[in-house]
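**Student:** Letter by letter, the chains look like this.
Protein chains: 2
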Amino acid sequence: MAHDIRILTEAELLNMVPLDLALVDVVEAAFVALAGGGVIMPPILSMDLAAVHGEVDVKTAYIPGLDSFALKVSTGFFDNAKRGLPSLGGLMTVFSATTGQVQAVLLDNGFLTDMRTAAAGAVAARHLAPAKVTTAGVIGTGLQARLQMRAAHLVRPFERVLVWGRDMEKAALCASDLADALGIEAEVASDPAILVKRSQLVVTTTPAREPILQADWLHPELHVTAMGSDAPGKCELVPAALMRADLYVADRVSQVERLGELRAAIEAGVWTRGAPPELGAIITGAHHGRQKQSDITIADLTGTGAQDTAIATHVLGLPC
Amino acid sequence: MAHDIRILTEAELLNMVPLDLALVDVVEAAFVALAGGGVIMPPILSMDLAAVHGEVDVKTAYIPGLDSFALKVSTGFFDNAKRGLPSLGGLMTVFSATTGQVQAVLLDNGFLTDMRTAAAGAVAARHLAPAKVTTAGVIGTGLQARLQMRAAHLVRPFERVLVWGRDMEKAALCASDLADALGIEAEVASDPAILVKRSQLVVTTTPAREPILQADWLHPELHVTAMGSDAPGKCELVPAALMRADLYVADRVSQVERLGELRAAIEAGVWTRGAPPELGAIITGAHHGRQKQSDITIADLTGTGAQDTAIATHVLGLPC
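Residue numbers (the numbering used here), protein chains in the order written: chain A, 1 to 320; chain B, 1 to 320.
The hints are simulated quantities; they were obtained by calculation from the structure and are not laboratory data. Only a predicted model underlies this, so the values are computations on that prediction, with no experimental measurement involved. Virtual Cβ for every residue (Gly too), placed ideally from N, Cα, C. Be aware that one or more of the hints could be misleading.
Claimed, not checked - Covered by chain B, according to a simulated footprint, are these stretches of chain A (three or more residues, beta-carbon under 8 Å):
1. 27-33
2. 54-66
3. 288-295
As the list claims (entries may be wrong) - Covered by chain A, according to a simulated footprint, are these stretches of chain B (three or more residues, beta-carbon under 8 Å):
4. 50-63
5. 129-139
6. 219-233
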């Protein structure tokens with residue numbers, strides 16, 4: 001080879017990339033870039049391998065002004081648990097945006113996706129949540145439940161976190177981890193309706209295929225980020241919730257229509273507001289965000305190749 | 001990481017992967033698999049980066065029965081020559097077809113693409129060219145011109161090779177290289193019409209955007225493989241040539257319609273034969289191939305993800 005290629009493993013990346021405000025800013029800049037011109041972000045390449053209960057998604061984006069672009073492969077092989085292996089995996093390959101040469105292979109097994117997804121949640125909370133959040137709630141008890149609350153706490157330093165999941169033991173473990181990580185009070189909610197009622201900021205982090213969050217749970221002074229739905233067939237909010245919100249914001253309209261909460265709302269014939277604004281337009285001020293403290297806002301995050309390019313470029317600039 | 005990942009560089013791969021009949025058989029098996037059921041091959045993901053004169057193509061395919069599948073990224077950055085860098089590059093990532101885990105990263109800078117493309121030419125020649133080929137001709141003078149003739153010689157050991165290109169010096173160098181590599185007579189043709197007239201097997205290997213090969217050059221007892229066109233806007237054969245052939249064969253119908261010679265023929269309103277047969281169907285006998293010595297046959301090769309998966313899986317089985 002005529003040039004050096006960096007190979008970084010998951011273990012190395014875990015040490016290099018903290019979930020901090022710098023990362024939130026990096027992902028925020030990706031949304032701003034998406035709102036401007038010049039970003040090239042092709043549709044997600046998906047391969048559904050039903051014969052082996054597997055799926056492969058490929059995302060990429062070119063962002064003008066960044067030195068690199070990433071191509072991210074995410075794998076989900078759902079028989080892996082039987083083999084004692086994680087279901088999710090993948091890697092990012094990073095290319096020079098000037099020469100196309102391979103700069104790095106980030107063997108992250110999905111770690112960077114987890115991080116940029118959490119950071120996007122913080123970006124949504126920063127620009128849409130009420131200024132004052134004392135209680136945040138998370139629906140779901142997995143890794144993203146933990147990361148989303150840690151990321152949101154960077155921008156809205158809430159005093160209490162509520163956790164709900166179908167499995168109360170897992171919810172208790174998640175609450176305990178969050179109490180440790182954030183040094184705040186954490187409780188398990190017995191019912192997701194109660195969790196929503198008591199929170200000013202809610203993040204849904206489940207792979208649900210039947211909606212969990214009901215429209216009549218929404219209340220003034222609430223922001224909800226739904227980040228679980230990333231495929232046709234998934235949804236976490238009832239379609240009517242989107243219309244009940246004063247403002248519904250997409251990460252990328254072309255994606256939420258097919259993969260996000262908006263898909264079910266369109267299919268149900270409930271959505272009548274046309275193309276929603278994108279998060280980037282809220283950040284730049286091209287579209288209004290929350291207009292008053294009592295507003296109900298929803299952000300629908302499906303995950304974009306622009307976030308992958310942003311975090312991968314960020315990683316290459318970090319000290320080893 | 002819980003498992004080992006093989007990283008192979010271009011230099012290592014150059015030593016490991018000869019252009020031989022074993023490789024031709026590997027690529028032939030990929031075409032047979034495509035003709036059967038169960039192959040999952042999503043449309044090519046393409047990113048056109050006009051601002052930096054770059055393009056990125058991503059191909060992949062899952063082939064039942066193979067242990068691995070590859071995801072291949074090809075880059076073309078056309079300002080690289082100014083920088084003293086090659087325009088084309090890329091890599092393949094290889095995943096377990098059972099668990100989705102990354103098995104290998106093949107930092108080949110397009111070498112494996114070159115090899116599997118040449119091998120596909122040999123597969124087409126094996127199944128479509130006249131049984132007896134004494135003279136083969138190649139249009140174009142680059143790396144693929146050399147590789148295509150070397151691969152074709154494995155299945156049709158012709159006695160003479162003719163080379164034509166717009167640059168006579170490059171054509172002379174290509175002819176000289178082929179004479180050395182194959183130990184046969186090699187000549188530069190002064191005119192592509194003469195080259196076609198004297199050959200029983202012709203391979204076109206150019207990035208032409210205006211057709212070179214004219215319909216009235218086609219003669220009985222001729223097979224033509226057009227492998228240069230792989231993008232909308234490219235074509236090497238006049239549309240009428242496709243109709244003049246007794247048999248026109250696609251590597252993949254869904255690709256040649258958009259990227260191959262068939263695109264221009266459809267756009268010109270010249271093509272009236274409906275969906276052409278695919279090379280895999282010729283190999284398996286599901287569709288007839290050459291029916292008599294005097295037939296004129298054409299194969300249109302755009303390059304498939306199945307070939308990438310086939311060669312990558314082959315590489316992982318080779319001794320280092």
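**Student:** All the hints need checking, so say for each whether the structure fits it.
**Tutor:** Structure-based check of each hint:
With a cut-off of 8 Å between beta carbons, the segment 27-33 of chain A has 0 residues touching chain B; three or more are needed, and the interface restraint is violated. For the segment 54-66 of chain A, the stated coverage by chain B holds: 6 residues have a C-beta nearer than 8 Å to a C-beta of that chain, and at least 3 were required. With 0 residues having a beta carbon nearer than 8 Å to a beta carbon of chain B, the segment 288-295 of chain A misses the requirement of three or more and the stated coverage is violated. Counting residues of the segment 50-63 of chain B whose CB lies closer than 8 Å to any CB of chain A gives 7, so the stated coverage by that chain holds, three being the minimum.
Look at the segment 129-139 of chain B against chain A: 0 of its residues bring a Cβ nearer than 8 Å to a Cβ of that chain, fewer than three, so the hint is violated. By the rule of at least three residues with a Cβ nearer than 8 Å to a Cβ of chain A, the coverage given for the segment 219-233 of chain B is violated, with 0 such residues.
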